[in-house]
Each structure stands twice: as structure tokens, then as C-alpha cells.
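Student: Generate the whole structure from the sequences, applying the supplied hints.
Listed in order, the protein sequences are those of chains A and B. The opening residue of the first sequence carries number 1 in this note's numbering; numbering runs sequentially from there. The opening residue of the second sequence carries number 1001 in this note's numbering; numbering runs sequentially from there.
Quick caveat, the hints were computed from the structure, so don't treat them as lab data. Just to be clear, a hint being listed does not mean it is correct.
Covered by chain A, according to a simulated footprint, are these stretches of chain B (three or more residues, beta-carbon under 8 Å) [as the list claims (entries may be wrong)]:
1) 1035-1047
2) 1098-1107
Calculated cross-link-like contacts (lysine-lysine; reagent style BS3-like; alpha-carbon spacing at most 30 Å) [as the list claims (entries may be wrong)]:
3) Lys1101/B to Lys57/A
4) Lys57/A to Lys9/A
5) Lys1101/B to Lys9/A
6) Lys9/A to Lys1081/B
7) Lys57/A to Lys1068/B
All C-beta atoms in this analysis are idealised placements derived from N, C-alpha and C, irrespective of residue type, glycine included.
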Amino acid sequence: DSGVTQTPKHLITATGQRVTLRCSPRSGDLSVYWYQQSLDQGLQFLIQYYNGEERAKGNILERFSAQQFPDLHSELNLSSLELGDSALYFCASSVGDESDLYGYTFGSGTRLTVV
Amino acid sequence: GQNIDQPTEMTATEGAIVQINCTYQTSGFNGLFWYQQHAGEAPTFLSYNVLDGLEEKGRFSSFLSRSKGYSYLLLKELQMKDSASYLCAVRNSGYALNFGKGTSLLVTP
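Tutor: And the structure:
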């Protein structure tokens, strides 16, 4: 157990639907990062939150949004789902400052299948 | 933006040594990381370089040359369990990691 908790582990939904993925960071970590991993694209950075505020944005589609709550857990919302959104979605956490000598700790991921 | 390149696939023999290269171009640099990822699992941290030179950690070593935008991961005494994908990642000033597409390593008997 890495200390980063992601739910659900698996999700199957239809095109056009909306889903919410949840992440609880490791105790003491203030930063949460969301990544999408598909077979052909590798790990793509979506968005980072630090202590409730958006800090960096990567290749996140406008149909996707995220937030980090006061208790530091984060949710990634995916709407108007398309077949191409099928992927593994990872959440990672870190302290989020210069003390991050070890990068991130990743959660076990949510496998999203859009049918 | 960032461009991170690493070979797609490599094969090596159990007990041997393998070197996985990574080249990068980045507008900001705050460290280079190597992760190991087994299929369907989360990436796990292997090594971190922020200064030029070699960092050794048991069977794994990682090298960085910032002026050349180059790193490699060296795996010694390969074991079958080392068959996995190896991800090179560059951290920018905002602490987000940008990953290469990974190198799939197959260790054969």
C-alpha cells in the first residue's frame, strides 16, 4: 500500500456519460497530480493541485475538470465521455516543494473503460 | 514544453547488464527521475538526479548530464522480475513530472 488511495479501481461506462474519480493523498502530502495512461501515449500529465489551489495544467481536455478539497482529497471529473478516454487514470501525491527528492507516490489507478 | 525520448523496447539476458538511455529537451529543469512500472500497476520510484554524475543504488544506477540533456539507467545482474517498463521523467520548476513513453525491458533466461 503506497498510501495514496484511488477509487474506484475499475469503471465501465457508456459514451456521453460523466464519471468522477477520487484520490486521497498520502498523509502529509499537499500536492496531488492526475495522469492519464493509454497504450500509445504513455503517462500524460493532466493537472496538479497544491493545498487546494491549481498549480499546473498539462494536456487536460476541456471536458475534464478537477478540484482539491480542504481535506486534500481530489476528484477528477470526466464528462461527455468518448471511446478514446478509455485509459488508466493515476493519481500521485507529493509534499510539493523542494524537499521532494523522491518524486511522487502513485496510487494504484482507476481503469476506465468507455463502451 | 518538454520532449523526452527513450527507446521503445529492449531485450537482455538474465544476469547481464543493460543501459536504458533518455534524452530530453526542456524549458525548465528541476531534476530527472526514473520509475519502474509493471504492466497494469502503478509506477514506483527508482532514482533521482539533479546534479551531473552517477547515483548508485544497489543493482540500479542512474547518470545525468544536464549540458547534454541526457540520462541513463543502468541495471546490473538482471533478474527475471526486472522485466517491466522503465519511465524517464523530467521535473519542471512547478514540481510536475513529465514522462517519456517508457522503455519496455524484457529479461530472457
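Student: The structure should be examined with respect to each hint, and the outcome stated for every one.
Tutor: Hints, verified against the model:
Coverage of the region 1035-1047 of chain B by chain A holds. Counting CB-CB distances below 8 Å, 7 residues qualify, and the rule asks for three or more. For a cut-off of 8 Å, the count of residues in the region 1098-1107 of chain B with a CB near a CB of chain A stands at 5, and the three-residue condition holds. Our distance criterion of 30 Å between C-alpha atoms is met by lysine 1101/B and lysine 57/A, whose separation comes to about 19 Å. Only pairs whose Cα atoms come within 30 Å are accepted, and lysine 57/A paired with lysine 9/A is accepted, the gap being roughly 24 Å.
A distance of roughly 23 Å separates the Cα atoms of lysine 1101/B and lysine 9/A; the hinted pair therefore holds under the 30 Å criterion. A threshold of 30 Å between alpha carbons decides the hint, and for lysine 9/A with lysine 1081/B the separation of about 24 Å falls inside it, so the pair holds. Of the pairs offered as hints, the one joining lysine 57/A and lysine 1068/B holds, with about 27 Å between alpha carbons and a cut-off of 30 Å not exceeded.
Every hint, counting from the list given before, is met by this structure.
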